[in-house]
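Chain by chain, the residues:
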Amino acid sequence: MAFDPHKFFIKFVRAIDELDFATLEPMIHPDVVGDMPQSGERSHGFAGFRAQLEQYPSGGIRNPVALDARLVADGDRWAITPAYTVVPLARNNEFTVLMRAQYPDGRWWHVITLVELRDERIYRTVNYFAPEMPAPLA
Amino acid sequence: MPESKQEFFRRYVEAIGLRDFTALEQMIHPDYVGDYPQSGERFKGFAALKFQLEQYPGGLPASRFDDANTKILGEEERWAISPGYTVLPLSGPERFTTVSRAPYPDGSLWWVVSIITLRDDKVWHAETYFAPEFEPPEWRKSMVEIVSRD
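Just so you know, the sequences run in chain order A and B. The opening residue of the first sequence carries number 1 in the numbering used here; numbering runs sequentially from there. The opening residue of the second sequence carries number 1 in the numbering used here; numbering runs sequentially from there.
Derived by calculation from the structure, the hints in this document are not laboratory data. Keep in mind the model is a prediction, meaning the values are calculated, not measured. Worth double-checking, as some hints may not be accurate.
[Unchecked claim] Sample of chain A residues with no beta-carbon within 12 Å of chain B, all distances over it, derived:
hint : residue
1    : ASP4
2    : PHE8
3    : LEU24
4    : GLU25
5    : MET27
6    : HIS29
7    : ASP31
8    : GLN102
9    : GLY106
10   : TYR123
[Unchecked claim] Computed, partial: chain A to chain B, Cβ under 8 Å:
hint : residue
11   : HIS110
12   : LEU114
13   : TYR128
14   : PRO131
Backbone N, C-alpha and C define an ideal beta-carbon position, used for all residues, glycine too.
If we strip away everything but chain B, and leave its shape as in the complex, we get (with noise of 0.2 Å):
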């Protein structure tokens, strides 16, 4: 049976998280291009997104895949209508939204949000917002009700 695209992505986030490089190097096209807007890097190819993921100063915890804070978001299947009236697979880009929480070295905690383009099956553009976890600000606090970030 073919993999899903839920069961491709939660690899895809847990070899990130567990940095198993065997795996992720699997995954990604050999054309990625990864991109981080908040800082404008951007980076091409699996040996510089292992570099940056290996490199990083302190060490990045390793993460497993948790199911809470993980969200995949896009389709399975996508279908559209021709001239004739037969329903066809789309072939345009497949994109996905996955988001995650992950650790960092100072012990604070990110969301990581993830605008992901899949080209032959792989990972072939990545368009990446980190996003950290704050306390409720006080002006706002009689507004809204607090749930559980865990």
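Next up, chain A with everything else stripped away, as it sits in the complex (with noise of 0.2 Å):
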């Protein structure tokens, strides 16, 4: 069966809000790097992404918008080569999720996701948590 990416990001969000490590491990390279620009924060491997969510204090984020998970991405995309065979595009492995997740104080923030897929698994993470806030007044 072809791989999709939209059912495989569901997953996975869905396996983040239940803390579902067994689900989650095979989803994840073995050389996965997650980035946290806004910190500064690298983390490698699975044992840290594991960590990071196993150890949040108050209990973590909860209620991830797992179906409502914005996968933003095109569906086909295609290159030709030399020989004309027609081959996905290598970029094809970049996606942009977008999420919205309850945090332990109540409030509501917005993570954005670039991920980069490789061998069908979570390989490179950029994250980026934005808060929801008031509109300015007129």
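Take the two lone chains, each set in its own frame, and fit them into one complex as the hints suggest.
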């Protein structure tokens, strides 16, 4: 069956919500690197990924909107090789995933993750965390 | 030679950073809609985009294009196969993700992530998120490496 990135990421977000590490581990590349440019933090490997989820103070993020997580990517993208074979473009492995999640203090944040897949696993992530805020008064 | 999408977005990010409204207006679609999901704000048209950049309290500091901290994710070439096995360029909406880092009047630095849809080679829809820099929390310092933000 063909790999379906949309289903993959919905499953991924749901597994994070449920702290389902048995499901998560096979979805993560052994050489995964996760970056958080806002703080300069970089984690390596599944163990680092898991530790952050497990040890987040006060129980960590809750209620990520898994079903509404949106995948910003195009469906089919192809290029033509010199031999006229049609192949997926290499950058077909890059996606932007948008989520909304609740933190232990009750506040909602938007989480934007730029993901690179390799071997149909999560290989690189760059994560941005954006708090909800009231609109400035007009 | 036609301008690549990378070049287009480079000019776009720079025009916003420098408040170059002459350049920016040419790049914005007449039916432009800008969304800020964090606050629920929606802006329509170039005038609204210009207004918020010009009127920001304290004045937004100008910033130049920063190669190290600006990313543009998207495709230059996109193709599909027709039922007759002809290879055709895709004509659907072109979506790109831009990431930049911007200074605010109080001196803080924020990461700005925009999901941009082009129409007629202009910015038609922009969904923008603003993410503040923060210090690495103590509880996970032992689990991570700290890399430079500059």
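12 Å Cβ clearance of A:GLY106 from chain B: A:GLY106 clear of chain B: closest Cβ-Cβ about 16 Å, beyond 12 Å.
A:LEU114 as chain B interface residue, shortest Cβ-Cβ below 8 Å: With a closest approach of 6 Å, the A:LEU114 hint holds.
Minimum beta-carbon distance criterion (8 Å), A:HIS110 to chain B: This interface hint holds because 6 Å falls under the 8 Å limit.
Consistency of the no-contact label for A:PHE8, given chain B and a CB cut of 12 Å: The claim stands: A:PHE8 keeps its Cβ more than 12 Å from every Cβ of chain B (closest is about 18 Å).
Minimum Cβ distance from A:HIS29 to chain B greater than 12 Å, as the annotation requires: Non-interface label on A:HIS29 holds, nearest chain B Cβ at 18 Å vs cutoff 12 Å.
Interface hint compliance - A:TYR128 to chain B, C-beta minimum distance less than 8 Å: 4 Å, holds
Assertion that A:GLU25 lies outside the chain B interface [Cβ separation over 12 Å]: 17 Å, holds
Interface exclusion of A:TYR123 relative to chain B, criterion Cβ beyond 12 Å: 15 Å, holds
Interface hint compliance - A:PRO131 to chain B, C-beta minimum distance less than 8 Å: Holds, about 7 Å.
Beyond 12 Å from each Cβ of chain B, as asserted for A:GLN102: Nearest chain B Cβ is 14 Å from A:GLN102, so the label holds.
Non-interface label on A:ASP4, tested against every C-beta of chain B at 12 Å: 17 Å, holds
Separation of A:LEU24 from chain B, once the least beta-carbon distance is taken, above 12 Å: 16 Å, holds
Checked against the numbered hints given earlier, the structure satisfies every one of them.
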